[in-house]
Amino acid sequence: MTAGTRPLAIGAALPRVDGPEKVTGSARYAYEQPPPGHPYGEPVYVHPLQADIARGRVDAIDTERANAVEGVLAVLTHRSAARLADTGDRELAVLQSDRVAFRGQFIGAVLADTPETARHAAALVSVDYAQEPHDTELLADHPGLYAPEHVNPSFETDTDEGDVDKAMAAAMVKVDRTYTTPMEHNNPMEPHTTVAVWHTSDDEAPDDEASAGSVAGASPEAPVRLTLYASTQGAHSVRKTLAPMFGLVPDQLRVVSPHVGGGFGSKGMPHAHDVLAALCARAVPGRIVKLAVTRQQMFSLTGHRTPTIQRVRLGADVAGRLDAVAHEVVERTSTVKEFAEQTACGTRMMYAAPHRRTTHRLAALDVPVPSWMRAPGEAPGIFALEVAMDELAEAAGLDPIELRVRNDPSADPETGKPWSGRHLVRCLAEGARHFGWQHRNPAPGARREGDELVGLGVAASTYPYYAPQGSRARVRYDGEGHWNVAIGAADIGTGSRTVLTQIAADALECPAASVTVELGDTRLPMATVAGGSAGTAAWGATVVAAAHAFRAAHGERPQPGAEAHGGAEAHPDTKRFAVHSFGAQFAEVRVDADTGEIRVPRLLGVFSVGRIINPVTARSQFIGGMTMGLSMALHEHSVLDHRTGHVVNHDFAGYHIATHADALGIEAHWLDEDDPHTNPMGARGIGEIGIVGCPAAIVNAVHNATGLRVRDLPITPDKLLH
Amino acid sequence: MDARITLHVDGDERPLTLDTRVTLLDALRDRLSVTAPKKGCDHGQCGACTVLLDGRRTLSCLTFAVAQDGAEVVTAAGLASYDGEPHPVQRAFLENDALQCGYCTPGQICSAIGMLAEAASGHPSHATPELADAGGRDGPGGGPGAPGGPDGARRTTAPVVLDDAEIRERMSGNLCRCGAYVNILAALRDHGATGVTA
Ligand code: FES
Ligand code: FES
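Taken in order, these protein sequences are the chains called A and B.
Okay, so the first sequence: first residue is 1 according to the numbering used here, each after it adds one.
Okay, so the second sequence: first residue is 1001 according to the numbering used here, each after it adds one.
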């Protein structure tokens, strides 16, 4: 960035710019849209109908009693819903056939004038099915296992170098273990909601005038228009996917999403409810239709993390130097859409060895569609690798930090490229110092205080740098020192609205207080999805480019109303360097010797993530990720009943996430750095790395405390009682 | 079946006629467009819908509106002082970045204000030592209707000192998936020290 003499906004602890709206509850999330004053009259409420078999066909569906209820406006089924122009994405081909591919799939919807009436009427619909045998159980030797063409987003499915089997046979010290992680659900606090309006020719979409002229190249208003107020991590990606399904050109579909109550990947792509809401709106043109997915329904409709079965083999010499690394993953996808989690990909770059192999095999089962959940790939994969490394350290009689130091590669083992900055060893060293690692007794089960067994554990963390291309931003000077920066990006709680304000301020060389950032609307310039920890990098670089374009066009003394658009080119160095973030995660656990209850009094992470734009929001991201890592380690487990295909613990009473009483000391630190090979800010991304490695650190600490090695998440007390 | 009731919401009198199946949360959000209280689960499991109902923190998804005729409801939108100054708890949340997505936040703030008042009037929680000593551990405290509510028998006489364990325990009915707990604790710790309550 151009560094002047003025203090930079980047790096400053700017308070979250939308904080005041959030603490007063005035920030509007999807269900609360459109704001009062809209012209559509009273809303219509939708209650969906869901399949209660896991595989088969809807044979007959009797909607008569539901239709007869006063206040019911329509009952949609696969027979009455509008046909979609494109049904290629079968997760989204809602109500287009009688097929049932998983339990909980949409088979219809009731539209009524109140939510109570819709829900009551939905219970009056009776459905006959032609049921078929289903299979929802992932097994390591499932007969249907196959190799996908690639794994998310576009990595090689398998890699193989040298001869792992031979090297393992010859290794002096080795680990060959299987680690498993369960089905997990993202569960953002804001349930997915879509409010839809299928505009008639004579109704006015709100804000038409306010936004007129704000989009470059917008076509004249088309006769048919659809507006979706959605809880999404990417308004533009929702539009791109859904517009063709409804036979619309992009300008006919507007997606609005100014505030999003968390997503963690589950709002990264449109899901079936977005389509269902639009189908319902089409049935009652000119009216607002509200579809709020319930917490229970989220367990079958809005994505989840696949369970994994991971065999990890590590072979080393007596000094602990790795000769063989193999990571073979079995996981599952659905029959309607493939999602191949990239579980072993982190292992490809983490440590070097002459003999290396990674594989991914999937079984397509009769289950809901898995998708992104915070750090897809790395969260479960690094858990397995880093527990295996702890087991190797024990087998080699080495300190676990020393083992990692000895195996720290000087270049990316996968590509041979130099690192843009691999500071794992520094993270481990700084973490050890802050955490007091020297007080760890390496002998498992050796430290008892009262009824508690105390242990310390460590694990490495990593997350790749993604910087998706194609975002655009608009910079406008509003006069009197005020600037408006518009980009159709999302703030799902990450603080993007705040950090983009800072980035824009520095690029325009003005104070942060004079910049207003607008997000979350397809009327704003195209932005890539909030995912892959890439928001700040992708959108920040775009905002910098737009600011520079503005200065080039309008100079230092612009007229009020002057504006410019810009988009960033990929940084050429990202091709030449291996760009990854790293971290060291430390955990102290206390295990009740009688009950097996595990408490985690201390978690400490040190992260190397390039430049930190805002230490306040960054710290919140790190500790939030670590809290989710704690939750993954100790609590999270969706229990699928294989007899019915149903997630039986489908609410917060059954699906436990970390509560306030679980979160004790959680500390995050970071290295003071600037990655010159990434983008104008020197930042890499921080949203996901906090969860990665945290569960392994806890498992390793539990082993240090008790001598018991849990290889199956979550670590519930029963796994410690023998 | 419809019923006519009046709610007093954030200082305004709000008469309404509604289906007796409508929860207080839906009455606020759907009928009155008071959207500061959020719906995270609709089952009393997350705390996002917490409001102050006649001064006590209450899960508005777990009570029918018709049962609250005449009640005084305060949401996070109604906490600011007359001159628009945020409530001290709101300010503490801002100062400590005790939020990320903000969806749990209005509920956290109402819950915290209710919690501070409960502690000030001596209501014990699961983490209160006297209670633990007396063997009165019957379930997690802190939530509305928990042991030691205004009608409960096991109230201690003196205000409860809110150490970290007390705050964590008493705030555990409010889930935050973004994981802002550490900062929420810091906000309330600051706040507990000032002795300010509602
Ligand atoms: S919405 Fe009321 S407790 Fe969750
Ligand atoms: S701030 Fe997002 S759930 Fe608490």
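Because the hints were derived from the structure by calculation, they are not lab data.
Glycine residues also receive a C-beta, built at the ideal position from the N, C-alpha and C atoms.
Some hints here could point you the wrong way.
[To be verified] Some but not every residue of chain A turned toward chain B, in silico, with C-beta under 7 Å: (1) Gly-25; (2) Pro-34; (3) Gly-37; (4) Asp-158; (5) Gly-162; (6) Lys-166; (7) Pro-188; (8) Gly-450; (9) Ser-620; (10) Phe-652; (11) Thr-659; (12) Ala-661; (13) Ile-666.
Structure-based check of all given hints:
1. For A:Gly-25, the interface hint holds, the least distance from its beta-carbon to any beta-carbon of chain B being 3 Å, beneath 7 Å.
2. Using the Cβ-Cβ criterion of 7 Å, the hint placing A:Pro-34 at the interface with chain B is not satisfied: the shortest such distance is roughly 11 Å.
3. Hint status for A:Gly-37 relative to chain B: violated, with the closest Cβ pair at about 11 Å, above 7 Å.
4. Against a cut-off of 7 Å between C-beta atoms, the interface hint on A:Asp-158 is violated, since the closest Cβ of chain B lies about 34 Å away.
5. For A:Gly-162, the interface hint is violated, the least distance from its beta-carbon to any beta-carbon of chain B being 41 Å, above 7 Å.
6. Of the supplied interface hints, the one on A:Lys-166 is violated, with its beta-carbon coming no nearer than about 45 Å to a beta-carbon of chain B, more than 7 Å.
7. A cut of 7 Å between beta carbons decides the hint on A:Pro-188: the least distance to chain B is about 6 Å, and the hint holds.
8. Contact between A:Gly-450 and chain B, as hinted, is not supported at the beta carbon level, the nearest pair being about 15 Å apart and thus beyond 7 Å.
9. Given hint, A:Ser-620 at the interface with chain B, holds; its Cβ is 5 Å from that chain's nearest Cβ, closer than 7 Å.
10. Against a cut-off of 7 Å between C-beta atoms, the interface hint on A:Phe-652 holds, since the closest Cβ of chain B lies about 4 Å away.
11. This hint holds: A:Thr-659 has a C-beta 4 Å from the nearest C-beta of chain B, less than the 7 Å allowed.
12. Because the beta carbon of A:Ala-661 sits about 4 Å from the nearest beta carbon in chain B, less than 7 Å, this interface hint is met.
13. Hint status for A:Ile-666 relative to chain B: holds, with the closest Cβ pair at about 5 Å, below 7 Å.
The structure is inconsistent with the numbered hints 2, 3, 4, 5, 6, 8, although it conforms to all the rest.
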